[in-house]
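Trainee: What follows is each chain in one-letter form.
There are 2 protein chains.
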Amino acid sequence: MSEFFTVRTPAEAHGLLHQHFAATVRTEHIATADALDRVLAQTITSPQDLPNFVRSTVDGYAVNAADTYGASPGLPAWLTVVGEVPMGQSSTIELHIGDAALVHTGGMLPLGATAVVMVENTQMVDAQSIEVLKPVAAGENLVQIGEDVRTGEPVLAPGRAIRPQDIGALLALGITEITVAQPPRVAILSTGDEVVPPAQAPQPGQVRDINSYTLAALTRRAGGEPILGGIAPDDRAALDEMARQALAQADMLVLSAGSSVSYRDMSVEIIDGLGQPGVLVHGVSVRPGKPTIVAVCNGKPVFGLPGNPVSAMVIFDLLVAPTIQQMLGALTAPQKQVQARLARNVASAAGREDYVQVRLEQRENELWAVPVFGKSNLIYTLVHAQGCIKIPLDAGGIYENEWVTVFLY
Amino acid sequence: MSEFFTVRTPAEAHGLLHQHFAATVRTEHIATADALDRVLAQTITSPQDLPNFVRSTVDGYAVNAADTYGASPGLPAWLTVVGEVPMGQSSTIELHIGDAALVHTGGMLPLGATAVVMVENTQMVDAQSIEVLKPVAAGENLVQIGEDVRTGEPVLAPGRAIRPQDIGALLALGITEITVAQPPRVAILSTGDEVVPPAQAPQPGQVRDINSYTLAALTRRAGGEPILGGIAPDDRAALDEMARQALAQADMLVLSAGSSVSYRDMSVEIIDGLGQPGVLVHGVSVRPGKPTIVAVCNGKPVFGLPGNPVSAMVIFDLLVAPTIQQMLGALTAPQKQVQARLARNVASAAGREDYVQVRLEQRENELWAVPVFGKSNLIYTLVHAQGCIKIPLDAGGIYENEWVTVFLY
Numbered sequence: 355m356s357e358f359f360t361v362r363t364p365a366e367a368h369g370l371l372h373q374h375f376a377a378t379v380r381t382e383h384i385a386t387a388d389a390l391d392r393v394l395a396q397t398i399t400s401p402q403d404l405p406n407f408v409r410s411t412v413d414g415y416a417v418n419a420a421d422t423y424g425a426s427p428g429l430p431a432w433l434t435v436v437g438e439v440p441m442g443q444s445s446t447i448e449l450h451i452g453d454a455a456l457v458h459t460g461g462m463l464p465l466g467a468t469a470v471v472m473v474e475n476t477q478m479v480d481a482q483s484i485e486v487l488k489p490v491a492a493g494e495n496l497v498q499i500g501e502d503v504r505t506g507e508p509v510l511a512p513g514r515a516i517r518p519q520d521i522g523a524l525l526a527l528g529i530t531e532i533t534v535a536q537p538p539r540v541a542i543l544s545t546g547d548e549v550v551p552p553a554q555a556p557q558p559g560q561v562r563d564i565n566s567y568t569l570a571a572l573t574r575r576a577g578g579e580p581i582l583g584g585i586a587p588d589d590r591a592a593l594d595e596m597a598r599q600a601l602a603q604a605d606m607l608v609l610s611a612g613s614s615v616s617y618r619d620m621s622v623e624i625i626d627g628l629g630q631p632g633v634l635v636h637g638v639s640v641r642p643g644k645p646t647i648v649a650v651c652n653g654k655p656v657f658g659l660p661g662n663p664v665s666a667m668v669i670f671d672l673l674v675a676p677t678i679q680q681m682l683g684a685l686t687a688p689q690k691q692v693q694a695r696l697a698r699n700v701a702s703a704a705g706r707e708d709y710v711q712v713r714l715e716q717r718e719n720e721l722w723a724v725p726v727f728g729k730s731n732l733i734y735t736l737v738h739a740q741g742c743i744k745i746p747l748d749a750g751g752i753y754e755n756e757w758v759t760v761f762l763y
Numbered sequence: 355m356s357e358f359f360t361v362r363t364p365a366e367a368h369g370l371l372h373q374h375f376a377a378t379v380r381t382e383h384i385a386t387a388d389a390l391d392r393v394l395a396q397t398i399t400s401p402q403d404l405p406n407f408v409r410s411t412v413d414g415y416a417v418n419a420a421d422t423y424g425a426s427p428g429l430p431a432w433l434t435v436v437g438e439v440p441m442g443q444s445s446t447i448e449l450h451i452g453d454a455a456l457v458h459t460g461g462m463l464p465l466g467a468t469a470v471v472m473v474e475n476t477q478m479v480d481a482q483s484i485e486v487l488k489p490v491a492a493g494e495n496l497v498q499i500g501e502d503v504r505t506g507e508p509v510l511a512p513g514r515a516i517r518p519q520d521i522g523a524l525l526a527l528g529i530t531e532i533t534v535a536q537p538p539r540v541a542i543l544s545t546g547d548e549v550v551p552p553a554q555a556p557q558p559g560q561v562r563d564i565n566s567y568t569l570a571a572l573t574r575r576a577g578g579e580p581i582l583g584g585i586a587p588d589d590r591a592a593l594d595e596m597a598r599q600a601l602a603q604a605d606m607l608v609l610s611a612g613s614s615v616s617y618r619d620m621s622v623e624i625i626d627g628l629g630q631p632g633v634l635v636h637g638v639s640v641r642p643g644k645p646t647i648v649a650v651c652n653g654k655p656v657f658g659l660p661g662n663p664v665s666a667m668v669i670f671d672l673l674v675a676p677t678i679q680q681m682l683g684a685l686t687a688p689q690k691q692v693q694a695r696l697a698r699n700v701a702s703a704a705g706r707e708d709y710v711q712v713r714l715e716q717r718e719n720e721l722w723a724v725p726v727f728g729k730s731n732l733i734y735t736l737v738h739a740q741g742c743i744k745i746p747l748d749a750g751g752i753y754e755n756e757w758v759t760v761f762l763y
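As you go down the protein sequences, you meet chains A and B in turn.
Whatever position you read off the first sequence (first residue = 1), add 354 for this note's numbering.
Whatever position you read off the second sequence (first residue = 1), add 354 for this note's numbering.
Mixed in with the good hints there might be a few duds.
One copy or any two copies: either way a pair holds, since identical chains are not told apart in the list.
List time: in silico DSS-like cross-link candidates among lysine-lysine, alpha-carbon distance up to 25 Å [as the list claims (entries may be wrong)]: (1) Lys488 - Lys729; (2) Lys690 - Lys654; (3) Lys744 - Lys690; (4) Lys644 - Lys488; (5) Lys744 - Lys644.
Keep in mind the hints are simulated off the structure, nothing from the lab.
Sequences are here, hints too, so could you generate the full structure?
Mentor: Structure (structure tokens):
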């Protein structure tokens, strides 16, 4: 740790972190049906053609397309109905010139059939014959072998968060088990002599632990497994011991640091002592969230978040969540967002990223983002917010009525 | 059931459903710390002021603001330091005129203090006295009692999906248990002689069950508890019996109906026979998804979804998910979406809502929505899509380059 730290931009903080920390993805094997929102850790290629037989997409008659050419209501094509293809079975029927077979949507085409005539475009003459009123081209009203996916085709890549339709698509190929990333274990430690567990009635001067539980829920959302390390007192030896223990049993440590300057100085020294190379960043140009510590200690990321709940959440989203995603090997998904018009001027300072909490208001046909102003030590600022807007590093603010992107919570 | 059904718009289908089905929310009591993404089923009012003591927001000296008026570097105010407020304790110190007490960020102000001077704006003279270089106004650098939330103030309303920050905010007030909605049980039944379980190797003419598992995952996402009812054969008595059993053990039934016309006719009759008033809608003006059945049977919603996976998912999102949300008493959250430019013309027919699957492509600084064309019976259409766009009932299509809203999966 160098003696003096300069405040870093978020991009510089990311850069330093990536320079000293290379995530390795730990994997496990699970049932595909249980894989919702898990991150795939293998390449899936299709073991088969899907479908693996030619299927009708309509109710009608399987025919040789050529037998229908030129057919019209005035001059229909007469075909002999030689049977019906039962659903879920291959047919023993083989069509010869002038033959047709009744087939249902999703049913298998019999040998010799090249298209399906929709039942609406036929007229039954008697039990053994139909009139076709409209021609079909070869390949019409059917799904070809491998049209959905072909044998050997890569279908899902590592890093994908599994969605409902992906589960269906894997099971359609008979892939009932997959390799996914194990959730990284994130130890969370709250600190401060004034902090008591939520179930305890605080005495004057004490406050309940908010951050442990908010950070645990944020960790779950990001795909990690939170491990609550408890509340460390304002005591160097005790905090050092609890931080070591928490880090030992986890893949990452998040400290919700005490808020006073002397306390922050102590945190940075303790974090720096947890392993090599130690503290990389002390202070980021973000409001709220400036007094942030980023470290890598013997191959594990360690974050010292500001104690204020709003700052802690902003920095979690900015630095911790992306690190969890990296440890999952997750590809970046498009962030959940809406466009809205800003309901009032918001000032910022150039050289600093500002994150402003907003609630959304539908006014006639437009969505408006209304800033929720409140000190960053007020948790209800976050409760009243539905998302936040970002004022970039080089901007001096955003004017009322401008369109902004709201990142939704 | 009237003999003839006319195709309904989605709005009409919602209207008919709401007319015959009034959801009652079943509740349960759970630990607040475990409540992420659950839907609150009570009104939370604050049992206390937060904070319940005056807290400093900086490191500095608690003072009587009047003692600092007019102070400047040239003419500082001299104050006597009478002690330090320890973190997490109420102080026995009482400030008199000309007194100051050392206080840390988050610490409790001593009696008689009306503001805090930041340590940066003071100079230590000796162990007992400081110079104040800048005046503070009363109330400066502190959080008042109840500034975050006041006793009796309503803080969270029923219907809210609990977010990480809400967990923190509840625990800050000592609310360690809350009443939330129980997930509605959604029975899911796949049908068709051609459908086999995913672990089974399909014979020619057979396909694996996709929809049960996709619909189960979609149900979980919407907040419901899926109950897989298995695969019913194309047999009226068997399907009827399985549908009755599935509905009996659940709050809602979702049938992934067979795709052939005769099969759909059978489904509609069986659903109609499950209870009063029976089938309300048979056919909606949506593509894909037209052959949809909506029913209420003895107070439980029943949906017959098209067998094609794309259609089934579109209709689930449009009709089933909102019904699950209603049974949770959930308020509508802003839908997750992005704005993008459409990469090619998409045609539609007036009088029909079209849902077009798209993938997203970043081209320079703009996000583009590229339609993923594919028959609605191809599951990989959904796998390649990152979301969908909606072409409204009265539109004939959307032109290339127009901005569209992409609803993200």
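Trainee: Find the hints from earlier in the document that the structure breaks and name them by number, from lowest to highest.
Mentor: Violated: hint 2 alone.
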